[in-house]
Every structure is written in C-alpha cells, then in structure tokens.
Amino acid sequence: MTVVAYRIVLVDTNCFLRLYQSPASPLLGQDIGGYRLLTLGCLIDEFLENPALVLNYRWISSKPIIDEVQKAKLKISEIYKRKVRANSLELKLFADTFIRDYCRKRKIVPRGLSSRDLELLGTAIVLKCVIATDEWPLTQVSKELMEDPDYEIEIFNSLDVLSILESHGRLSADERRQTVDSWKRLSEKLPRDWEAQYQLLFGEAPGSPDEE
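Residue numbers (numbering that gives the first Met the number 0): 0 to 211.
Any given hint might turn out to be false.
[Claimed, not checked] Below, a list of computed lysine to aspartate or glutamate pairs in the EDC-like style, where the Cα atoms sit at most 16 Å apart:
no. : residue 1 : residue 2
1   : Lys127    : Glu146
2   : Lys72     : Glu45
3   : Lys70     : Asp30
4   : Lys127    : Glu151
5   : Lys127    : Asp147
By construction, these hints were calculated from the structure, which means they are not laboratory data. No experiment lies behind these values; they were computed from the predicted model shown.
Put together the whole structure using the sequences plus the hints.
Structure (structure tokens):
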C-alpha cells in the first residue's frame, strides 16, 4: 500500500471565504501538491455566527459548500487539544507584546490576536502545520516565531494557495484572474503589496475588474 505524505494547511476564516470565490471544487479537505487543506471548528463558527458574513458570503453557507467545510474540520485527540490550549496561553503574552512593539515602531493602531487566532497558531505549532491567512497581525507574529527553528510552522496567504491550486490543475489561469477580480470587486482587504506578490507568482500584473 502506498502511503501519501502531506502537510496540513490550516486555512483561516478570511482565507477560506476568499478561496471559495474561486471555481475550485472540491476545495477544503482535499490533498493538493503535498498539502491537505483543513480548517478549525472555531473558524467555521466565526463565519456561521456572524450574520453579516453569512449574508455577504451566502453561497458558502449553502448546504453543499458548508457541508464540505464542516467535513474539513481538523480532528485531534484530547491530548493534543490540551497541548494546543497550553501553547495558546503561552503565546498570548508574546503575541501581545510583539504586536504592540511592531505597531509602535510603525505608528499604527495595535490590533492583537483573537482567541481564535491564538488557537490556530497554537494548533499549527503543536502539529507543525502551515497557516493560510491574510490577517497581518497573525502573519507578523507567525513570521517572528519562524525565526526560531523550534517552531516548525509556515505561513501562506490566499495568493499562495491560489498558486498551488493552479500549478496542480485545480484552477486555470483565467479562473485565477476571475477569482482575484472578484476579491477586488468585493473590496476584500488583501495583504499589503499583494500586487507585487501576484506578479512574482503568476508572471503578470493583476488586471482591472473592468478589463475585457
């Protein structure tokens, strides 16, 4: 029997909301390019418990998609759950201090990690996962932790995941362009300098939603 190795990618709420604007289906729960795309129960709840999100992304709350999302919920043992809780508690002070200093140096308003962010980060550390997020506080804290070889985590954003989907035949170039255009039309808060990353990943500049 062939054993297929994969690394878990934990996709956070804002990231899976964007990815489900693509025609890639099925998406969460799938093995793609050596990665398995999963999410956490608390992140699914973050979507379902927010009426504004459910309204704005109503196609995701439809039964076929939300069933797929629910099936992609990471399942871990009680032992690992306790490890995640312990890691999340330990990370809170570090994350709060790091973000405060990061924001002070750049003269921007601090925005700390939520309890769900900390659970996601704690889970990734315990299981050595990749985090897929477009949230800058979580991204910056994760990158700081990645400087320490003891933290075997990695960080992706929505464009990175689109690139994996396209390079493994789950999206065409046109479908990727249409997906990114939909993000722009919906005024999604994409990562800073995302246009430069797009150019690097796909070898072209992102087009305008009004272009033919």
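Hint-by-hint comparison with the structure:
1. Of the pairs offered as hints, the one joining Lys127 and Glu146 holds, with about 14 Å between alpha carbons and a cut-off of 16 Å not exceeded.
2. This hinted pair checks out: Lys72 and Glu45 have alpha carbons roughly 13 Å apart, not beyond 16 Å.
3. Proximity of Lys70 to Asp30 is assessed by CA-CA distance (about 14 Å); at most 16 Å being required, the pair is judged to hold.
4. A distance of roughly 5 Å separates the Cα atoms of Lys127 and Glu151; the hinted pair therefore holds under the 16 Å criterion.
5. For the proposed pair Lys127 and Asp147, the alpha carbon gap of about 13 Å is at most 16 Å, so the pair holds.
Consistency note: the structure conflicts with none of the earlier hints.
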